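Position chain C against the provided structure of chain W, taking the given hints into account.
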Amino acid sequence: MKIMTCPINGPRPVSEFFYWGEMRPMPDPDTCSDDAWADYVFNRNGAPGVKKEWWCHTASNTWFVAVRDTEKDQVLRTYLYGEQP
Amino acid sequence: MNAVTSARPVSDVAHATCLGIADLSARARAGAKGPGTAAWLAGLGLPLPARPNSWLALPEGGLIARLGNTEYLIEGNAALVESVLRAPRAAGVYPVLRQDAAFALCGSRVNELLLQVCNVDFRCLAADPALVLLTSMAGVGVTVLRSGDIANPVFRLWCDGTYGHYLATTLLEIAGELGGGGIAPDLLP
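These protein sequences, in sequence, are chains W and C.
Everything in the first sequence is counted per the working numbering, starting at 1 for the first residue and increasing by one.
Everything in the second sequence is counted per the working numbering, starting at 1 for the first residue and increasing by one.
Just so you know, these hints were derived from the structure itself, not from any lab.
The reader is advised that the hints may include incorrect statements.
Sample of chain C residues lacking proximity to chain W, with all beta carbon distances greater than 12 Å (derived) [claimed, not checked]:
| id | residue |
| --- | --- |
| 1 | G36 |
| 2 | N53 |
| 3 | G61 |
| 4 | L63 |
| 5 | A79 |
| 6 | T169 |
| 7 | A184 |
For the chain C half of the interface with chain W, some residues (derived, Cβ under 7 Å), not all of them [unchecked claim]:
| id | residue |
| --- | --- |
| 8 | P49 |
| 9 | P52 |
| 10 | N119 |
None of these values were measured; they are calculated from a predicted model.
For glycine and all other residues, C-beta sits at the position ideal for the given N, C-alpha and C.
Looking at chain W on its own, in the form it has when it is part of the complex:
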């Protein structure tokens, strides 16, 4: 069984969690170039590596950030949004 650590609920089986994609900071639509905006809206980075991702512990509806190595599928850190990683 894969275990993931929720920042509030502690280690739980990964079946209790839901993945909501990579964390992608939004560029300011008023000041960024059209290319930068189009890149943000349409393109996704599928290359493996260490990424920040949104995850949710569904049993408690706790949303948090997981730093995950998508190549090795190892969760390196989890923390609540707004906290220091």
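Positioned in the frame of chain W, the structure of chain C alone reads:
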């Protein structure tokens, strides 16, 4: 019901010792969440659990559970729950509709049932009785806490009301296999 036949079935008492499941869905409860909730509840005179995912018994009967950082569940005393529901809300306080199905599990074989339906080992609650666990049981998101003493633990269980029938049927079926079954709430230790 005929008064002559209203005597408690002997099997109920046996179930309570072995593995009993009581339906407490009808108990009054209130829920609120949001950044202003802790201060608002404290202003209403309620004691607050200090850390997320913990609970306290209320002096008037019932309990208050802190689910996550800023969400609270109050259950028990109908007058108290009513006063919380009627109190004017402050800024940053959002009501949470609590139409949960609620159960209580007791008996010597309760852990055998829990091991079959959940990944969490609930014996960890013996070491920290103030803990509230939010987890998945038989595929349903549940809130679990332990009351009662060490020798006779009672596990309280809440889930979304629409899953209540499924969860109750599933638990009762396993309880039946283990020699237990449904009991009246007043038989809980």
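(request) Measuring Cβ to Cβ, find out whether A79/C lies farther than 12 Å from everything in chain W. (result) 29 Å, holds
(message) Please verify that the nearest CB of chain W lies beyond 12 Å from T169/C's CB.
(response) Correct as stated: the minimum Cβ-Cβ distance to chain W is 20 Å, above 12 Å.
(request) Test the statement that G61/C is away from the interface with chain W: the closest C-beta pair must be farther apart than 12 Å. (result) 26 Å, holds
(message) Checking hints one by one. Is P49/C an interface residue toward chain W, by the C-beta closer than 7 Å rule?
(response) Hint on P49/C: violated, closest Cβ of chain W at ~13 Å, above 7 Å.
(message) Please check whether the beta-carbon of N53/C is more than 12 Å away from every beta-carbon in chain W.
(response) Incorrect as stated: the minimum Cβ-Cβ distance to chain W is 6 Å, not above 12 Å.
(message) Quick check on N119/C please, does its C-beta sit within 7 Å of some C-beta on chain W?
(response) 5 Å, holds
(request) Please confirm whether G36/C is truly not at the interface, meaning its C-beta sits more than 12 Å away from all C-beta atoms of chain W. (result) It holds; G36/C is separated from chain W by about 17 Å at its closest Cβ, greater than 12 Å.
(request) Beyond 12 Å from every chain W Cβ: check whether that's true for A184/C. (result) At about 29 Å from chain W, A184/C clears the 12 Å cut-off, so the statement holds.
(request) Using 7 Å as the Cβ threshold, decide whether P52/C counts as touching chain W. (result) Where the cut-off is 7 Å and the nearest Cβ of chain W is about 5 Å from P52/C, the hint holds.
(request) Say whether it holds or is violated: L63/C keeps its Cβ farther than 12 Å from all Cβ of chain W. (result) L63/C is indeed farther than 12 Å from all Cβ atoms of chain W, at 18 Å.
Hint compliance for this structure: hints 2, 8 are not met, and every other hint is.
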